[in-house]
Amino acid sequence: LLMLADEEPAFWLLLVLVEDILPEDFYSPTLSGCLTELEVFKQLVEWKLPRVHEHLEAIGALTAPLLLPWFMCMFLNALPNEEAMRCW
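The sequence shown: position 87 = 87 (my numbering), numbered continuously.
Fair warning: there could be bad hints in the mix.
[Claimed, not checked] Pairs of lysine to aspartate or glutamate residues, derived as DMTMM-like cross-links and limited to a Cα-Cα distance of at most 20 Å, are as follows:
no., residue 1, residue 2
1, 48, 37
2, 42, 54
3, 42, 57
Hint data in this document are derived by calculation from the structure and do not stem from the laboratory. These figures come from a predicted structure and were not determined experimentally.
Could you put the whole structure together from the sequences, leaning on the hints where they help?
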């Protein structure tokens, strides 16, 4: 966020993301909100991209240990900046 905005606007953007946009329990100790989002992601891939889903399931790439880091950092370490901003 600091690459896109000054310190104060970046702080307020982060606050809105965490408090208003992400599920309430996204960063809870149980990660239940994040795990729910992972399940929604899997269902969307299965619905919109069935062949991709089939392949990812076959190689075990749709598991929480692989996907969780993407969701925990909101894709910032997995996608180029422009694509990550589109996800937001």
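Structure-based check of each hint:
1. 48 <-> 37: Roughly 16 Å separates the two Cα atoms, so the pair holds.
2. 42 <-> 54: With a Cα-Cα distance of about 11 Å, the restraint between residue 42 and residue 54 holds, given a limit of 20 Å.
3. 42 <-> 57: holds, 10 Å
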